[in-house]
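Number of protein chains: 2
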Amino acid sequence: MKFVERLIEIIRKKNSLLCIGLDTDIENIPEKLSGEKDPVFSFNKDIIDKTHDLAAAYKINTAFYEVNGVKGWTSLTKTIDYIPDDVIIIADAKRGDIGNTAKRYARAFFTELKADAVTLNPYLGSDSLEPFIEYDDKGLFILCLTSNKGAQDFQKLKIDGKYLYQVVAEKVVELNKNGNCGLVVGATFPEEMKGIREIAHNLPILIPGIGAQGGDLEKTIYFGTDSKGELALINSSRGIIYSSKGDDFAQAARNAAEELKNQINIFRRKKNL
Amino acid sequence: MKFVERLIEIIRKKNSLLCIGLDTDIENIPEKLSGEKDPVFSFNKDIIDKTHDLAAAYKINTAFYEVNGVKGWTSLTKTIDYIPDDVIIIADAKRGDIGNTAKRYARAFFTELKADAVTLNPYLGSDSLEPFIEYDDKGLFILCLTSNKGAQDFQKLKIDGKYLYQVVAEKVVELNKNGNCGLVVGATFPEEMKGIREIAHNLPILIPGIGAQGGDLEKTIYFGTDSKGELALINSSRGIIYSSKGDDFAQAARNAAEELKNQINIFRRKKNL
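So the sequence lines, in the order shown, correspond to chains A and B.
All letters in the first sequence, in the order written, are residues 1 to 273 by the working numbering.
All letters in the second sequence, in the order written, are residues 1 to 273 by the working numbering.
Just so you know, the hints here were simulated from the structure itself, not pulled from any lab data.
A couple of the hints might just be wrong.
Identical copies carry no separate label here, and so any pair may be met within one copy or between two of them.
[Said to hold, decoys possible] SDA-like cross-link-like pairs, simulated, lysine to any residue; straight-line CA separation at most 20 Å:
id : residue 1 : residue 2
1  : K114      : V70
2  : K103      : G69
3  : K219      : N100
4  : K50       : N176
5  : K156      : E191
6  : K171      : N262
7  : K50       : N262
8  : K177      : M1
9  : K32       : D46
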């Protein structure tokens, strides 16, 4: 099954655009897990147990695992293995390298780690993305317009009247022969999201920047989803997984996840009225 | 000591601009190592033993390690630990993420893995680079113009008469307050290298693309080094480490490294005449 078809199937089955970011920081997990052999995995396991029915996807930012070295890569592997099949696993790795190297990254994330999708950086151009595109059952979310202030340094530069991030979006649309390309667009730029959705009307968009980064949820849903109110994944990391520092952390994460999922669906219905 | 000062000291002491790429592929290492517990590390160890006196730097491409999962990250860690202090260790990771995440990557590569420098992708802008810049004894090599065909897709787009890669070079010059920023420029574009060296006259440039990728060595040295014939690292990976598939692989790598080091120095002298 093509990646985009599987994504739509999961979104519909669960009636959810929610993506939960497992940016698990060893310094932020509850006391009671500190005695565990692999506290990061134990934390993730409890969060996954309590939230997998609500989430269309988990996004796992590799930095939070690499910072713990070999141990971290072990937690990352165990976490991916533990996630049930009906949730899309996005390795938020933001890789980007020349073809020969990109082939290794594709194997590392798709074959070795068994992620369903990966985030990629477009700076090296088409041939850095193609080794990933070949896996048509796997997904690529390519950085287009990011949620941070530095997005203006290069992404918002103008090329013949178009912004660089728009040129990137157009190129990704052109590369999407296998139905597995998507974009990453930060929720902090709803107006720009509108323009990107017009360029990439049938591409999934992964949207971080809700919550801690201050993105506007209603506008994000309105402009970021496709004409059916689908094809977008709304990510929240810290806002969900650190809802409580106490023993009730997993239930608190569930509550936060459920609230966000429902709020997203309210705005989806409003859009479709 | 500031990163750039340490780099110059090593370049002068060894009279070498050579950077050896440890892009070690388990499928390309000699038979006789296949029985070892960690064949990738054993291969690297032998290569390092035979070449460390010739090299100013080792560049370790993380993709070739991540493709082996937890085992690969172990080989990467052991390799970095094994490299002597008088060789700069560049983690060729090409990371790039928002500030909160970039902090973790900086810690992962500088504190946890103990690399001396890292390659970074500029697409997310200044605030994605700043957490690395704060480590003034560590180096950042930021992708400017890469050696692959896809470099033309975005890097060679024109913004108000300037190419994107030139805008990137200018921004990195501006960010270089701590004497630790450098650029990555592929050897396959010698004319463009000239222009970049004019913008970034006091920045180290890491130059891949010699050998398998077909860059012209003489022009690369002429345009890529600074006015003293220094401040550049010329990388060769496959051309050195896979010189022989037999039991003599480490000696063959040494021979190839020595030849390239000497050839580089011939062109440096020619430039300075």
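How the hints compare with the structure:
1. K114 - V70: both (18 Å within a copy, 13 Å between copies)
2. K103 - G69: Classified as between; 15 Å across copies, 23 Å inside a copy.
3. K219 - N100: Close neither inside one copy (40 Å) nor across copies (24 Å); limit 20 Å.
4. K50 - N176: Cα proximity of K50 and N176: none, with 35 Å in one copy and 46 Å across.
5. K156 - E191: Within one copy only: 13 Å inside, 27 Å across.
6. K171 - N262: Classified as neither; 34 Å inside a copy, 43 Å across copies.
7. K50 - N262: within (16 Å within a copy, 62 Å between copies)
8. K177 - M1: Answer is within: at 14 Å inside a copy they meet the 20 Å cutoff, but 51 Å across does not.
9. K32 - D46: within (12 Å within a copy, 45 Å between copies)
Taken one by one, the earlier hints fail for this structure at numbers 3, 4, 6, listed in ascending order.
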